[in-house]
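Engineer: Mapping of the sequence shown onto my numbering: residues 13 to 715, in sequence order.
Hints are computed from structural coordinates only; laboratory data are not their basis.
This one's a predicted model, so the numbers in the text were calculated from it and none came from an experiment.
Glycine included, each C-beta is placed from N, C-alpha and C at the ideal position.
Careful, some of the hints might be misleading.
Label pairs and their in silico Cβ distance ranges [said to hold, decoys possible]:
#: 1; residue 1: P502; residue 2: I525; range: 42 to 50 Å
#: 2; residue 1: H569; residue 2: N630; range: 16 to 24 Å
#: 3; residue 1: D707; residue 2: K679; range: 53 to 61 Å
#: 4; residue 1: E498; residue 2: T101; range: 35 to 43 Å
#: 5; residue 1: K443; residue 2: A503; range: 43 to 51 Å
#: 6; residue 1: K443; residue 2: I525; range: 53 to 61 Å
#: 7; residue 1: K466; residue 2: I525; range: 19 to 27 Å
#: 8; residue 1: D707; residue 2: E414; range: 56 to 64 Å
#: 9; residue 1: D375; residue 2: I525; range: 37 to 45 Å
Here are the computed lysine-lysine pairs in the DSBU-like style, where the Cα-Cα straight-line distance is at most 30 Å [claimed, not checked]:
#: 10; residue 1: K258; residue 2: K438
#: 11; residue 1: K326; residue 2: K354
#: 12; residue 1: K671; residue 2: K326
#: 13; residue 1: K698; residue 2: K200
#: 14; residue 1: K659; residue 2: K671
#: 15; residue 1: K679; residue 2: K258
#: 16; residue 1: K374; residue 2: K428
#: 17; residue 1: K537; residue 2: K623
#: 18; residue 1: K310; residue 2: K698
#: 19; residue 1: K616; residue 2: K461
#: 20; residue 1: K576; residue 2: K666
#: 21; residue 1: K511; residue 2: K623
#: 22; residue 1: K428; residue 2: K438
#: 23; residue 1: K604; residue 2: K576
#: 24; residue 1: K466; residue 2: K374
#: 25; residue 1: K297; residue 2: K616
#: 26; residue 1: K695; residue 2: K326
#: 27; residue 1: K461; residue 2: K483
#: 28; residue 1: K472; residue 2: K515
#: 29; residue 1: K666; residue 2: K68
#: 30; residue 1: K68; residue 2: K679
#: 31; residue 1: K307; residue 2: K363
#: 32; residue 1: K698; residue 2: K326
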Amino acid sequence: MYYLKNNGRLEAYVAYFGISAQISVFFRLKTRISVNKNVNEKIENLRAKIRYHDGKYYVDNTPEIADYEYDQIMIELRSLESSYPQFITPDSPTQRVGGEPVSEFTSFEHRVPMLSIENTYSNEELIEFDNRIKRMLKDVDDIEYVIEHKIDGVAITLWYEDGVFTRGATRGNGIRGDDVTTNLRTVKDIPLRFLETDHIRIPPVIEIRGEIYLPNGDFQILNHGREEAGEAQFANPRNAAAGSLKLLDPQTTAKRPLRLFAYSFGYYEDCKFTNHIDCLEAIEKFGLPVNPHYKLCKNIDEAVSYCNSWETKKSDLDYQVDGMVIKVNSLELHDRLGSTSKAPRWVMSYKYHPEEATTTIKDITVQVGKTGTLTPVAELNPVPLSGTTVSRASLHNFDEIERKDIRVGDYVVVQKAGEIIPQVVKVLTEKRTGNEKQFGVPERCPACKSEVTKEEVYLKCYNPLCTAQAKRRIIYFASRNAMDIEGLGPAMIEQLVDKNVIKDYADIYSLKIDDLIPLERVGEKSAQNLIDAIEESKGRDLHCLICALGIQNIGAHAAEVLSKNFGTLGKLMDASVEELDEIFEIGEITAKSIVDFFSNSHTKDVINKLKAAGVNVNATHNEANSISDIAGKSFVITGTLNGYTRKEIEDIIKGLGGKVSSAVSGKTDFLIAGESPGSKHEKAEKLGTTILNKDGFENLINP
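Starting from the given sequences, assemble the full structure and let the hints guide the process.
Structural biologist: Printed below as a string of structure tokens:
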């Protein structure tokens with residue numbers, strides 16, 4: 013007999029069976045431990061690979077693998093973590109978008125205050141800044157300065173413990189900010205764990221400060237999408253970045269292409285640095301991006317010269333710079349110089365004067381978006397500004413009109429926000445004659461005369477039969493990124509809706525030549541061409557249709573995600589909020605907007621008409637294309653390529669697994685250049701980007 017003592021009692025087991033059972037349990041346990049060890053090692057190796065390639069992409073700007081290869085590593089890691097959830101850690105690259113929406117942001121007290129920086133607009137004041145420092149120090153002659161771009165973004169602080177990102181916050185009032193950790197985790201420039209480095213020991217606690225910004229090209233894409241969705245546009249990239257950081261749903265923040273430039277340490281323990289240049293180099297080694305255009309200057313004359321050199325070059329950058337920051341290099345001198353209650357004495361901001369123009373407001377009109385948002389627009393006497401003629405400027409919302417006291421007939425100063433979007437900066441009240449007219453906040457929609465509702469700072473019309481909304485929805489439906497119906501432009505849609513020929517986008521497919529001939533500037537041939545284009549659009553892939561429907565928060569990329577996950581429009585229409593929320597890149601808020609859209613009886617009627625007309629409602633993805641030679645490569649298109657529309661080129665590239673960007677950068681693999689290529693061609697040449705003409709493009713896609 014074999015005896016086993018258990019809880020103070022003796023239990024008898026047959027020796028053979030007892031020993032056999034123990035041996036079996038032992039080997040199963042040993043096997044499980046071995047398997048778990050191997051899986052954990054594989055997971056850690058994948059995470060290390062991703063961190064390494066994140067560093068090459070975001071910090072060094074020299075990616076070693078294509079996006080497709082990177083995505084495959086991430087997919088493998090997600091799959092393993094899904095099968096072995098016990099190995100998921102907060103610093104895993106898969107955990108960037110795992111947070112739940114928050115009801116509000118908690119306050120975060122800065123251990124070291126985030127003080128402001130004194131500003132100057134003149135070379136003389138920079139030289140006086142240098143003289144003032146020398147008077148305070150007395151024993152120092154020439155002082156080394158580090159010059160950096162003053163990024164027009166949102167100041168943030170990042171806290172790391174033993175190299176792992178733990179908390180992040182906004183500057184706030186310099187003493188307290190908002191804890192936006194969950195949203196900052198979605199910013200891919202911010203490593204969740206430091207890169208390992210042989211040269212610098214990772215401190216137990218360190219605070220890194222930086223600026224969150226939105227690149228110009230991505231800002232334009234974001235605003236274009238918001239305009240097409242009938243949502244209010246952001247005034248400038250900084251406004252967009254700040255708004256994105258303060259979203260309560262981190263999954264929505266994750267869809268915004270926020271970037272980071274880190275620029276200094278705040279608080280740190282158990283490490284020593286002698287100068288600011290050392291700090292910047294350490295930050296880079298830890299895996300955070302530092303703006304590449306910083307420079308060490310031996311004296312103030314060199315510093316002034318470098319600051320002036322960027323005033324004309326800053327427009328070539330893909331991010332907004334409103335000046336330069338001049339810092340004393342020596343950290344010992346930082347301590348000696350100290351700070352006032354508002355600003356450190358060892359740093360100065362040299363700001364550039366923005367280009368402005370003065371004109372008058374002829375009128376204020378109101379646009380109605382496809383979701384019913386009313387946006388006031390200033391109609392200006394045309395004026396040249398930053399290389400273009402400006403005749404309109406968005407006033408964003410009616411609270412903005414009241415805050416700035418903008419009136420019809422006013423002389424105003426106009427500036428391009430971020431050198432992109434015209435905006436009214438201020439009113440020249442001293443030029444008023446008394447004939448100016450205040451603009452009253454509308455109580456009814458200017459198109460359908462329905463009462464409007466105020467939501468936060470925006471007015472909205474909720475009449476589903478509003479003709480202005482119908483026009484915007486139909487324009488969006490026929491646009492390039494949606495059903496791409498060539499020849500069906502805004503002017504023709506205006507006529508068709510005004511003459512009551514069509515009421516919604518499904519009615520497009522019931523149009524006949526006889527409906528088109530009576531319209532202005534439409535002949536028999538152009539009418540037939542449009543009918544042919546409408547017929548051709550019926551065969552567009554499902555993602556085009558999903559995008560075209562105009563669901564709130566759903567653009568071209570989200571439509572592709574939904575198409576790949578559901579495969580048919582019917583399955584998407586039947587999906588619950590819970591099912592949609594589980595899809596990576598969708599999230600609860602977007603999921604709810606999808607379900608609300610398809611539960612609307614008017615939507616169901618319109619979709620039934622689309623089906624009856626023969627519009628394709630199924631996905632036709634060719635997964636084999638995702639492993640093509642151009643998978644993961646980045647393309648920019650400029651000029652006109654004979655035989656192709658821009659949309660056709662984009663579809664070919666995306667179908668082969670590539671991606672299309674709006675601006676040339678160091679990460680652009682190919683520029684496709686047709687006739688009249690413009691400035692993008694020059695920038696690509698400077699960067700050494702591969703430039704393809706029509707033959708080169710066709711050789712690439714048809715090897």
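Engineer: Against each hint, give a clear statement of whether it holds in the structure.
Structural biologist: Going down the list of hints, with the structure as the test:
no.: 1; hint: P502 / I525: 42 to 50 Å; in the structure: 21 Å, violated
no.: 2; hint: H569 / N630: 16 to 24 Å; in the structure: 20 Å, holds
no.: 3; hint: D707 / K679: 53 to 61 Å; in the structure: 25 Å, violated
no.: 4; hint: E498 / T101: 35 to 43 Å; in the structure: 51 Å, violated
no.: 5; hint: K443 / A503: 43 to 51 Å; in the structure: 37 Å, violated
no.: 6; hint: K443 / I525: 53 to 61 Å; in the structure: 55 Å, holds
no.: 7; hint: K466 / I525: 19 to 27 Å; in the structure: 45 Å, violated
no.: 8; hint: D707 / E414: 56 to 64 Å; in the structure: 58 Å, holds
no.: 9; hint: D375 / I525: 37 to 45 Å; in the structure: 38 Å, holds
no.: 10; hint: K258 / K438; in the structure: 27 Å, holds
no.: 11; hint: K326 / K354; in the structure: 28 Å, holds
no.: 12; hint: K671 / K326; in the structure: 27 Å, holds
no.: 13; hint: K698 / K200; in the structure: 27 Å, holds
no.: 14; hint: K659 / K671; in the structure: 13 Å, holds
no.: 15; hint: K679 / K258; in the structure: 29 Å, holds
no.: 16; hint: K374 / K428; in the structure: 19 Å, holds
no.: 17; hint: K537 / K623; in the structure: 28 Å, holds
no.: 18; hint: K310 / K698; in the structure: 29 Å, holds
no.: 19; hint: K616 / K461; in the structure: 26 Å, holds
no.: 20; hint: K576 / K666; in the structure: 14 Å, holds
no.: 21; hint: K511 / K623; in the structure: 25 Å, holds
no.: 22; hint: K428 / K438; in the structure: 13 Å, holds
no.: 23; hint: K604 / K576; in the structure: 19 Å, holds
no.: 24; hint: K466 / K374; in the structure: 26 Å, holds
no.: 25; hint: K297 / K616; in the structure: 55 Å, violated
no.: 26; hint: K695 / K326; in the structure: 14 Å, holds
no.: 27; hint: K461 / K483; in the structure: 16 Å, holds
no.: 28; hint: K472 / K515; in the structure: 20 Å, holds
no.: 29; hint: K666 / K68; in the structure: 24 Å, holds
no.: 30; hint: K68 / K679; in the structure: 11 Å, holds
no.: 31; hint: K307 / K363; in the structure: 17 Å, holds
no.: 32; hint: K698 / K326; in the structure: 16 Å, holds
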